[in-house]
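One-letter residues, chain by chain:
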Amino acid sequence: MSIVNFTAVDDFGKIINPMIVEGQVHGGLTQGIGQALTEGCHYDKESGQLVTGSYLDYCMPRADDVPAFKVGTKETPCTHNPSGEGLRRGGRDRRSGRGDERAHRRAGSSRHRDAGDAAENLRACQESKMKKAA
Amino acid sequence: MYSFNYQKAKSVADAAKVLAKDGDATLLAGGQSLIAAMKLRLAHPSEVIDLGAIKELSGIKADSKAVAIGAMTRHAEVASSAAVNKAIPALASLAAGIGDRMVRNMGTIGGSLANNDPAADYPAAVLALGATVVTNKRKIAADEFFKGMYETALQKGEIITSVSFPVPKRAAYMKFKNPASRYAIVGVFVAESGTGVRVAVTGAGPSVFRVAAMEKALAAKFAPESVANIAVPEKGLNSDLHAKADYRAHLITVMARRAVEAAMK
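As they're listed, the protein sequences go chains Z and R. When we follow numbering that gives the first Met the number 0, the leftmost residue of the first sequence carries the number 0, and every step to the right adds one. When we follow numbering that gives the first Met the number 0, the leftmost residue of the second sequence carries the number 0, and every step to the right adds one.
Extracted from the complex, chain Z is given alone in its bound form (with noise of 0.2 angstroms):
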């Protein structure tokens, strides 16, 4: 599985640096898709023992990973902000939920809203596989 193409417009309010802006957005779509469809915490059910225990079986995902973002902001000036600059937070919108859900809808399995449960993705998505082939 592979994720060809991710496109995000978020308004961030009034921006400052456009740059950091954007760095922040394309970490926070990183770790949507790996929250999403690699990243997943395993306990041997005998022992106990976390067998995700290294990146050799925790799937961090790393840069050749995801595409190249395309990315845009709109900018509407937040009116209840204490900084009278019309700031808004920037980028860990992607994270907490956004990201993640919409990669589990493109992976066509909408039911796994769990960081813990991208191995199971995993396994539905070979079980299918396995089905077409049959």
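Hint data in this document are derived by calculation from the structure and do not stem from the laboratory.
Subject to a maximum C-alpha distance of 20 angstroms in a straight line, what follows is the list of computed DMTMM-like cross-link-like pairs (lysine to aspartate or glutamate):
{"id": "1", "chain 1": "Z", "residue 1": "K128", "chain 2": "R", "residue 2": "D245"}
{"id": "2", "chain 1": "R", "residue 1": "K136", "chain 2": "R", "residue 2": "D21"}
{"id": "3", "chain 1": "R", "residue 1": "K38", "chain 2": "R", "residue 2": "D49"}
{"id": "4", "chain 1": "Z", "residue 1": "K130", "chain 2": "R", "residue 2": "E233"}
{"id": "5", "chain 1": "Z", "residue 1": "K13", "chain 2": "Z", "residue 2": "E74"}
{"id": "6", "chain 1": "R", "residue 1": "K176", "chain 2": "Z", "residue 2": "D56"}
{"id": "7", "chain 1": "R", "residue 1": "K176", "chain 2": "Z", "residue 2": "D63"}
{"id": "8", "chain 1": "R", "residue 1": "K16", "chain 2": "R", "residue 2": "D49"}
{"id": "9", "chain 1": "R", "residue 1": "K176", "chain 2": "R", "residue 2": "D99"}
{"id": "10", "chain 1": "R", "residue 1": "K234", "chain 2": "Z", "residue 2": "E126"}
{"id": "11", "chain 1": "R", "residue 1": "K176", "chain 2": "Z", "residue 2": "E126"}
{"id": "12", "chain 1": "R", "residue 1": "K38", "chain 2": "Z", "residue 2": "D56"}
{"id": "13", "chain 1": "Z", "residue 1": "K131", "chain 2": "R", "residue 2": "E233"}
{"id": "14", "chain 1": "R", "residue 1": "K16", "chain 2": "R", "residue 2": "E55"}
{"id": "15", "chain 1": "R", "residue 1": "K243", "chain 2": "Z", "residue 2": "E126"}
{"id": "16", "chain 1": "Z", "residue 1": "K131", "chain 2": "R", "residue 2": "D245"}
{"id": "17", "chain 1": "R", "residue 1": "K243", "chain 2": "Z", "residue 2": "E45"}
{"id": "18", "chain 1": "Z", "residue 1": "K130", "chain 2": "R", "residue 2": "D245"}
{"id": "19", "chain 1": "Z", "residue 1": "K128", "chain 2": "R", "residue 2": "D239"}
{"id": "20", "chain 1": "Z", "residue 1": "K44", "chain 2": "R", "residue 2": "D239"}
{"id": "21", "chain 1": "Z", "residue 1": "K128", "chain 2": "R", "residue 2": "E233"}
{"id": "22", "chain 1": "R", "residue 1": "K176", "chain 2": "Z", "residue 2": "D64"}
{"id": "23", "chain 1": "R", "residue 1": "K243", "chain 2": "Z", "residue 2": "D56"}
{"id": "24", "chain 1": "R", "residue 1": "K136", "chain 2": "R", "residue 2": "E157"}
{"id": "25", "chain 1": "Z", "residue 1": "K131", "chain 2": "R", "residue 2": "E224"}
{"id": "26", "chain 1": "R", "residue 1": "K243", "chain 2": "Z", "residue 2": "D43"}
Predicted, not measured: the structure shown is a model, and the values here were computed from it.
Here the structure of chain Z is known, so what remains is to put chain R in place on it, guided by the hints.
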């Protein structure tokens, strides 16, 4: 990590001497498995003998019949070698797909073979191409070399010096990689040479193995459809959180078919 002594061997004979003296001594090639195992305290050698300074262990020699690769040759060197790309392109592309860039710049063919990780890539090439593993004591045929999970025919004090690959008529390697480690969940190397067709599977079982039914079918007709319906029984295959045995069995057929397709291009 437990404490250990470190020394740089000046020659293969020098390293063999230390190995023979100390049963808990170990060889350090590229360190891509050993260092990780030591950090996790899974390995605790008394003595680490670094082979990195022995120049004659590194390098590639190729002619029209065979490619000989020194044990300490890094994966990146094999991947980018013009000689390997010309003689056995499948071997160069296999090396280019091992781990990630950092692993390829450090990891060595000798280290990979001596470790015989069930999911390593090189064992598939060595077995399918019918290569010969050369040590400081003897020459070992591929069919005799791989003995089981992390087990090889290497004896105590025996050090791999090079590997000699006969040049095949055509060959290809296809792997379905684990996205985290990039090790093979299943990798299939198909090679056709004057002596017949060999199909070697890595990642699926406790150690690399050949599939006789596929070899026979491909010898009769070298085409993707020859292997498309040959299923390998799931009994005895690896089952873990990344893939169950039935999925690995399924992947062997898929990867074999793709490897034949690639070899025909």
